[in-house]
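**Student:** What follows is each chain in one-letter form.
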Amino acid sequence: MSGPDDLIAPHQPLYEARKGVYPKAVDGFFRRLKWAIMAVTLAIYYITPWIRWDRGPYAPDQAVLVDLANRRFYMFQIEIWPHEFYYVVGLLVMAGIGLFLLTSAVGRAWCGYSCPQTVWTDLFQHVERFIDGDRNAQIRLAKAKWGPGKITKRLGKWSIWLFIAFWTGGAWIMYFADAPTLVRDFWSGDAAPAAYATVGILTATTFVFGGFLREQVCIYMCPWPRIQTAMMDEKSLLVTYKDWRGEQRGSLKTAQADPKAFGDCIDCNQCVAVCPTGIDIREGPQIGCITCALCIDACDTVMEQIGKPRGLIDYCTLDDADVEKKGGTGHPVLKTLFRPRTMIYFGIWTSIGLAMLFTLGQRTRLDLAVQHERNPVYVRLSDGTIRNNYTLKIRNMETRPRIVDVYIQGLPGAVLWTPDGSREFAKQSINFAVAPDAVHRVQLFIAAPETGPTSAEFAISTRARTGDNKGDSDTVIFERPEAGQ
Amino acid sequence: MTENKRIDAATGTQTVGHEWDGIEELDTPMPRWWVISFWATIVWGIIYVLLYPAIPMLNGATPGLWNWTSRGQLEQELKAETLRRAPVTRALAAIPVEQLAGNEKLYQAAIEGGRAAFKVHCVQCHGSGAAGSTGYPNLNDDDWLWGGDLPAIHTTLTHGIRQPDHDATRFSQMPAFEGVLSAREVDAVVGYVQTLSGKARPNAISASGEAIFANNCASCHGVQGKGMREFGAPNLTDKIWLYGGDEASLKTTVNKARYGVMPRWNNRLDPITIKMLAVYVHSLGGGEANAVPDKAVAPDPAKVVANVRP
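Same order as they appear, the protein sequences are chains A and B.
Each residue of the first sequence is one higher than the one before, starting from 1 at the first, in the numbering used here.
Each residue of the second sequence is one higher than the one before, starting from 1 at the first, in the numbering used here.
Same shape as in the complex, but just chain A:
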């Protein structure tokens, strides 16, 4: 199709500046919900590292701690070792499935309510209103020439932002070391360089993303909106301007002159004014809409003032939109939420969670890993006996020291000893004192008579003398030279 002449633009800039967004303060159900979620998520983020959890003298007493230096992950009574990383993978898979579930049920609720970008932007915008005033004052200030007043306000706002941003980065590092110690070390200059670098980077990103880039992050940087558009279907909740009810839009006065020709929308622009991403929801579903539902609150307030029913802008599925256009009423919300697709996601999500809980309950806190030394594969001793060397790693995953027995089964005539001992006193079992929450690495010599299969399978097992009666066993090979060699 060819457009009219006035649509042909001879020149268009390659790039464009961000258009300022000055969202207006609004009150309503969804705004209060957002306040509540912001309070809860920020509280979790800031307070969690300070929760103490007694694990006895041999382990840190921080409830949630990612101890990268010692490669341990503590979460209340659960302690994860590096080789148990599949629990973390499981959590990440659950987080992924959880986002699928959330998206298919309530659309981009993650974006609108609990995404850190949204939460911190929301917080920063609140600071902005506190310093600069509401939307109109902000627009005026933005257009005003730089002078003492503007400079004061800008510096004030940026200082508070920077303060929040600093505490955001500061709270993050608390998850990776003992929080009280780290705070002291941080201010005395004794903390690890990585701590300062992390705080620096997170302060900068929080300050820039929350203060200046805001919706640009959602629209241009974040992959999640694009993925979500592919994951939503006609039964997902969307913030919808019900154009069949609102159009033809017109101001209150115009509409009063000819009520039949106009819909409920009085074109007051409140939905646009409150939008934190600066879009017009009346243009339909779009990538810029994070479904924060503030436009619903704004529109509901206006509808109440002009005496019209609420919900001109409301959560609505595409299916219900079709029904309502034809004059019917949509499905109840619960019926939309509990449908096969969401139930399947929920089923997968819970079964991964239950499976992880089950394996957590079953896991043993004593682990043995045996490596057969291959160079040389075997050693002939002077009396003809054959010796094989093994490297054992005994993991005592309990936070207390334990005595651990190691013994061999299924290798006739075999004895074992360590470099500390000697073959003279070698027996079929040996014990080690293993430090709490540590790996005991030990070399084991096992000698067996010359006669026997060239490659004999046998078991090296371990069992702790205290604690759960669980042990671990590894099947390994004992190599002998071929007869006559």
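In case anyone wonders, no lab produced these hints; they're calculated from the structure.
All C-beta atoms in this analysis are idealised placements derived from N, C-alpha and C, irrespective of residue type, glycine included.
Some hints here could point you the wrong way.
[Claimed, not checked] Here chain A is said to cover these stretches of chain B; the calculated rule only asks that three of the stretch's residues, wherever they fall, bring their Cβ under 8 Å from a Cβ of chain A:
| hint | region |
| --- | --- |
| 1 | 31 to 43 |
| 2 | 133 to 142 |
| 3 | 227 to 241 |
| 4 | 267 to 281 |
[To be verified] Residues of chain B placed beyond 10 Å of chain A at every Cβ, according to the derived structure:
| hint | residue |
| --- | --- |
| 5 | E25 |
| 6 | N59 |
| 7 | R84 |
| 8 | V88 |
| 9 | A93 |
| 10 | D165 |
| 11 | N203 |
| 12 | Q224 |
| 13 | E247 |
| 14 | A248 |
For chain A, the structure is supplied; the task is to place chain B on it using the hints.
**Tutor:** Same frame as chain A, but now just chain B:
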């Protein structure tokens, strides 16, 4: 194509101007911050080129304002590492080798240091797993020609074996019996030696070798053939044969004799490395307990070695 550029009515955005089967592309302008970050990467690149070696020249590259080189960084890191290890190195230098086993931390450090040095200086003959081969002893087993406790291994490492230029070296020489013994006598003594370790059953030939052994071999290998460490004479009753225990190999050994050598390391390696090597070799599984009590003063190695070059 440019003439086809137009404003898309639905979005208000200009198209790029080309069209395939009715499909057109919007020319959405880049956000300005994106362009700014693009320029920032270019600025970063220029700074990098100025500071670091970057532009290839005929000889090397432009040095950059910071004069950084990877080799220089390596040197710095090695220096720092040497400094970090200094306390351990000093302690290793001070402690007599036979007392090392009593100090767990030093002992482990010595094993690891020895493991690294072994890979550089010893694997050529003894193999990377120290398993040796024909003529080169397996250091994992419990058979030692010159002794297997820490001081003995340390002495062997320090002074070497059969080093002609060195008085304190381990020295012994087995005579070649070709011409001294007749072929039949060699057969007999080889047969007898094979019975010592149970490799062959005694028979008439081996029985006749017993006297030949007593007259010619027992002075070094002992009357029972159990060898003598002072002379590095192997134990003939065990199952380990450095040059092969089969009849042909033994005949060659008796006829031509063997003269295995090992370099002395006191003129190539520092005393600490030799100490660490001794501990490492001792830890491989065949190391013997110290013959002298740990607390005793280490005897002069030259006096322990009873043999003197003829």
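**Student:** Go through the numbered hints given earlier and state which of them the structure violates, listing their numbers in rising order.
**Tutor:** Checked against the structure, the only hint that fails is number 4, while the rest are satisfied.
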